[in-house]
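Residue numbers (the working numbering), protein chains in the order written: chain A, 1 to 268; chain B, 1 to 265.
Possibly wrong hints are sitting among the right ones.
Claimed, not checked - Quick list of simulated restraints, FRET-style, between CB atoms:
#1 B/D48 / A/S265: 56 to 64 Å
#2 B/L248 / A/R16: 36 to 44 Å
#3 A/V150 / B/A230: 50 to 58 Å
Stated by the list, open to error - Over the 10 Å line for every Cβ pair with chain B, so calculated as not near, a few chain A residues:
#4 W30
#5 T56
#6 D99
#7 A250
Simulated from the structure, these hints should not be mistaken for lab results.
We put the CB at the ideal spot given by N, CA and C, even for glycine.
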Amino acid sequence: MAELRTAPQEYVWIARMWVRSSLAYPLSFWTLTVGSALITLLDFVGLGLMFHSIPTLGGFGLREVALLYGASGIGIGVADLLIGSVEQVGVHVRTGTLDAMLTRPVPLLVQVCADRFAVRRLGRISQAVAVFGYGAWWVDWTLPKVALAVLMVASACLIFFSLFVAFSCIQFWTVDSTEFANAFTYGGNTMTQYPMTIFPREVLKGLTFVVPLAFVNWYPCLYLLDRPDPFGLPSWFAVLSPLAAVLTVAVSGLAWRTGVRHYTSTGS
Amino acid sequence: MLYAAVAARSFRRFSTYRTATLAGVFTNSVFGVIYSYAYLALWHQRPDAGGYDATDAVTYVWLGQALLMTVALWGGGTTDDLAERVRTGDVAIDLYRPVGLIGWYLAGDLGRAAYHLLARGVAPTILGLLLFDIALPASPAAGLGFLLSLALAVVTSFGIRFLVACSAFWLLDQTGMRMLSGVLAIFLSGMTLPLVIFPEPLRSIALALPWASYLQTPADIWLGHRSGTAIVDGLGLQVLWIVVLLTLCHLTLGAATRKVVLQGG
């Protein structure tokens with residue numbers, strides 16, 4: 001338990017060091033920050049251009065899609081900023097740096113996540129917040145809706161956290177499978193940018209009961225937008241997001257422990 | 001002969017990472033499925049958007065996923081090696097060699113592209129065929145034109161990536177420029193959304209820029225939206241951009257070399 005209490009402080013120490021190191025190339029630092037905001041900005045412009053041809057996508061207007069897009073974007077943005085580096089665990093295994101980390105008196109997950117901490121990822125988050133703000137402008141806010149929105153964003157961050165960690169654990173078995181995890185993290189982000197109505201019913205089932213990405217934004221947003229569930233699921237699914245988040249965190253914690261236990265050094 | 005040998009070895013170098021290839025194919029396919037449903041929703045409401053029908057649109061999605069790595073849309077490829085060698089100073093040794101720097105790295109990149117076409121291109125195309133019944137090349141001429149256009153796309157992309165890598169001569173670190181260049185490429189190649197459904201005048205501008213080579217031109221030839229002389233026009237514009245870009249590469253390298261000499265390597 002003592003380990004858990006000091007972990008945030010240790011994370012901040014390592015992260016601060018990487019921030020200083022990234023400022024060694026100031027021009028690269030700033031272009032990377034602007035670039036990371038631009039990527040997602042142009043991504044949303046692409047979505048906006050789709051609405052140039054059609055008034056609604058899957059029955060949802062641009063303002064409603066902006067809400068979905070923003071919530072999912074904030075979730076993956078925060079997760080990517082804080083623990084996105086866990087994707088590189090395979091590199092640590094291959095190059096042997098994981099051995100060095102194991103000998104240090106800081107939890108391994110903290111070290112791996114704080115490694116190469118990149119402030120530039122704030123670019124992506126600010127873009128997502130702006131889009132979410134645009135979508136939220138048109139919502140009829142009430143107190144329960146505000147509370148649900150807060151829970152939604154927190155759960156979205158936790159669900160993406162867990163996906164990053166859980167799918168990175170595969171790299172303890174096969175070190176060069178980074179891209180496999182991308183299908184679930186970035187793929188999950190792309191998928192949840194769209195209203196679920198454009199996908200077949202089976203996809204929604206999978207995203208509800210297998211990989212709970214639909215809880216990132218879909219169910220809570222339906223409540224925020226005063227829409228009945230197009231698939232006929234009960235409206236109280238909206239408040240299940242925190243539960244889905246806790247479950248995925250537990251599963252990813254288990255996956256991480258199993259992965260670390262399985263780890264055998266390359267000996268290099 | 002030398003360049004063929006470089007290309008062949010580069011092909012083998014990239015073919016070592018088998019699990020990475022498999023993981024990449026899986027991820028490309030997941031994105032292919034997502035975008036297919038998004039485009040189907042769009043074309044369901046506007047069945048003639050951009051002159052495409054729903055099958056064309058879905059085919060376009062899977063071609064995009066198949067070509068993503070081949071044309072190195074995100075950057076990467078042998079130009080990353082060059083940028084790293086500029087940063088460490090090892091490039092000084094490259095400049096001593098009796099082989100042109102551009103030709104050397106281009107040959108290596110063509111070998112890489114050939115591998116990525118086979119390993120990362122064929123599988124998503126087959127999957128698209130099975131899952132979404134995508135269109136095959138409109139005619140043998142279209143198939144041939146597609147391959148030719150694709151080869152030109154790789155060279156165009158190489159020209160841009162080489163220029164980005166050369167920025168390391170001045171900035172030491174190419175990562176920032178590489179990212180900005182990748183952002184432009186993703187949007188202006190039509191990977192985010194087919195250029196044909198962009199509103200005017202954005203559409204005409206994007207179609208005239210070199211990034212249209214990456215995906216829009218080869219895809220239009222595959223789909224038969226460019227046929228006969230329109231194929232020649234498309235390929236001609238690609239060649240024009242290649243001439244411009246490779247000339248720029250040559251000039252930039254010349255300027256960079258003088259700078260390196262001034263610094264004493």
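**Message:** The output says A/T56 does not contact chain B. Does that hold with a beta carbon cutoff of 10 Å?
**Reply:** 8 Å, violated
**Item:** Status of the given 36 to 44 Å range, CB of A/R16 versus CB of B/L248
**Value:** 41 Å, holds
**Request:** Using the Cβ atoms, figure out if A/V150 sits within 50 to 58 Å of B/A230.
**Result:** The hinted range 50 to 58 Å holds for A/V150 and B/A230, with Cβ atoms some 55 Å apart.
**Prompt:** Is the Cβ of A/W30 farther than 10 Å from every Cβ of chain B?
**Reply:** Label violated. Min Cβ-Cβ 7 Å, cutoff 10 Å.
**Request:** Look at the Cβ atoms of B/D48 and A/S265 and judge whether their distance stays inside 56 to 64 Å.
**Result:** 60 Å, holds
**Prompt:** Can we trust that A/D99 is non-interface, i.e. its beta-carbon lies farther than 10 Å from all of chain B?
**Reply:** A/D99 is indeed farther than 10 Å from all Cβ atoms of chain B, at 22 Å.
**Item:** Assertion that A/A250 lies farther than 10 Å from chain B (Cβ)
**Value:** At roughly 25 Å from the nearest Cβ of chain B, A/A250 sits farther out than 10 Å, so the non-interface label holds.
When each numbered hint is compared with the structure, violations occur for hints 4, 5.
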